[in-house]
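Engineer: Residue-level listing of the chains:
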Amino acid sequence: METRKIGVTVNGQRREAEVETRFTLADFLRQQLGLTGTHLGCEHGVCGACTVLLDGYSVRSCLMLAVQANEHEITTVEGIAPSKTELHLLQEAFRDNHGLQCGFCTPGILTTLIEFLRENPDPTEAEVRIAISGNLCRCTGYQGIVAAALDAAKRMQGEKRG
Amino acid sequence: MKPPPFHYHDPETVAEAVALLGCLENPKLLAGGQSLMPMLNMRYVLPDHVIDLNRVKALSYLRESGGALEIGAMTRQRDIEFSDLVRNRCPLMHEAILQVGHRQTRNRGTLGGSLCQLDPAAELVTVAAALDATVTLTGPKGRRELSFAGFPAGYMTPALEPDEMLTGARFPLWAKGHGHAFVEFSRRHGDFAVVSAAALLEVGASGKITRASVTIGGATPAPIRAREAERALVGNAASSTLFRDACESCGKIEAVGDVHAPASYRRHLAGVLARRALEKAHARIEGRK
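Line order of the protein sequences matches chains U and X.
Sequential numbering from 46 applies to the first sequence in this note's numbering.
Sequential numbering from 730 applies to the second sequence in this note's numbering.
These aren't lab readings, by the way, just hints derived from the structure by calculation.
Don't take each hint at face value.
[Claimed, not checked] Below, simulated DSBU-like cross-link-like pairs (lysine-lysine); rule was C-alpha separation at most 35 Å, straight line:
1) U/Lys205 - U/Lys129
2) X/Lys757 - U/Lys50
3) U/Lys50 - X/Lys731
4) X/Lys757 - X/Lys905
5) X/Lys905 - X/Lys981
6) X/Lys731 - X/Lys786
7) X/Lys786 - X/Lys981
8) X/Lys786 - U/Lys50
9) X/Lys905 - X/Lys1009
10) U/Lys129 - U/Lys199
11) X/Lys731 - U/Lys129
12) X/Lys905 - X/Lys937
Start from the sequences and build out the full structure, keeping to the hints where you can.
Structural biologist: Following this line, the structure appears as structure tokens:
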């Protein structure tokens, strides 16, 4: 089986590994690095559960090869909280607004919203709905997720001002 | 892991990529991966070699040159979406790209990947037909230009030689202030269109239409220009009656039926969406009386 040596910065930490060239980024994160916070739903780019940030931009990790991440920076859901004991403001807003039930889609939605709220810090409800249109949630009916995203936007702007 | 085993190549230049394409058995080019990766994961395609173009930096550009927009094959859909040049000078493409997949897929997906995948319902394919784009194909003997009208050789099959690759496309720009609209019907936001329509209009000082482009995507094996409708529009004063009459021919095209919609429904949508696109395009003409 063909393999390659890659070096990737994952959640701020430099990781070097030998990967099979056909390995997807999602399987590399989960199986080789043990970062199982990135969930795999459909594995063909429809559900959005496996979304991670590649150099700050949201991508579906099932639609990228691990070798393509060589010399790039990856942020997974494990890397968005400021410390082991604190949540990110976006995560707090999700908890407070019932933005999740089973939690399967949550990692993909959080990473997507981190990018979205950085680019659009004061979004409308319609813009939030379009931003998460590539993430399927079968529990919440999206109401709580949208409320959480709008609440998070307020909290994050407040933090910037404060 | 889901993809079948293959040998991986990541050239840095077009020349290297073309050389690999010419000498390897059963190769596949990997652009943004938003169509090829699902097909690999599901093992619909079984290439012996994958040639990854993501390190070919020279294929990522977006510029205005000689009255046209020139876009490199590996330019990300995201870069098109956030380009002021595209928004100001080619608003049809801007409106269309917002309906291409989702934020996460546009961050990876490329112009060249979409054009070569050639899905008849893909927004960028329909835009290329609407704007009379020209594609640049590069092979071992050099480059050749091909009018986009001649690019589809059949359903989802580009007219590329086995050792050729698409390296860029040129989209002629319309006069400033022209009317434009891209409308589509899909079951969910970001899905491929069941049917889409693109319209471009220019109106002279007398109020008569001087130039028109009407394109239907998703209804036929490749997007088609509604030439009969275009002929019916040019030379006449714009009005709702004119648009309705002109679009009657769109409702009679040889549409295809599939699991998403029967042919009769696609024909119906083609007529309705073409009319809506024209109404919207007309309302957007700058300086309209």
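Engineer: Can you confirm whether the C-alpha distance between X/Lys731 and X/Lys786 stays at or below 35 Å?
Structural biologist: Distance ~28 Å between X/Lys731 and X/Lys786 Cα, so the pair holds.
Engineer: Can the restraint linking X/Lys757 and X/Lys905 be considered satisfied, given a maximum Cα separation of 35 Å?
Structural biologist: Between X/Lys757 and X/Lys905 the Cα gap is close to 40 Å, so the pair fails against 35 Å, i.e. violated.
Engineer: Would the pair X/Lys786 and X/Lys981 pass a check requiring their Cα atoms to be no farther apart than 35 Å?
Structural biologist: violated (45 Å)
Engineer: Would you mind confirming whether the straight-line C-alpha gap from U/Lys129 to U/Lys199 stays at or under 35 Å?
Structural biologist: holds (24 Å)
Engineer: Is the Cα-Cα distance between U/Lys50 and X/Lys731 35 Å or less?
Structural biologist: holds (20 Å)
Engineer: Given the hint that X/Lys731 pairs with U/Lys129, test it: the Cα-Cα distance must not exceed 35 Å.
Structural biologist: Satisfied, since the Cα-Cα distance of roughly 33 Å is no more than 35 Å.
Engineer: Between X/Lys905 and X/Lys937, does the CA-CA distance stay at or below 35 Å?
Structural biologist: holds (17 Å)
Engineer: Can you confirm whether the C-alpha distance between U/Lys205 and U/Lys129 stays at or below 35 Å?
Structural biologist: holds (22 Å)
Engineer: For X/Lys905 and X/Lys981, compute the direct alpha-carbon distance and say whether it is at most 35 Å.
Structural biologist: holds (33 Å)
Engineer: Below or equal to 35 Å on CA atoms is what counts here, so check X/Lys786 against U/Lys50.
Structural biologist: holds (22 Å)
Engineer: Is the straight-line distance between the alpha-carbon of X/Lys757 and that of U/Lys50 35 Å or less?
Structural biologist: Measuring from Cα to Cα gives roughly 22 Å; hence the hint holds.
Engineer: Measure nothing beyond the straight line between the CA atoms of X/Lys905 and X/Lys1009; if it is 35 Å or shorter, mark the hint as holding.
Structural biologist: Holds, at about 17 Å.
In terms of the numbered hints stated before, the structure departs from hints 4 and 7, listed from lowest to highest.
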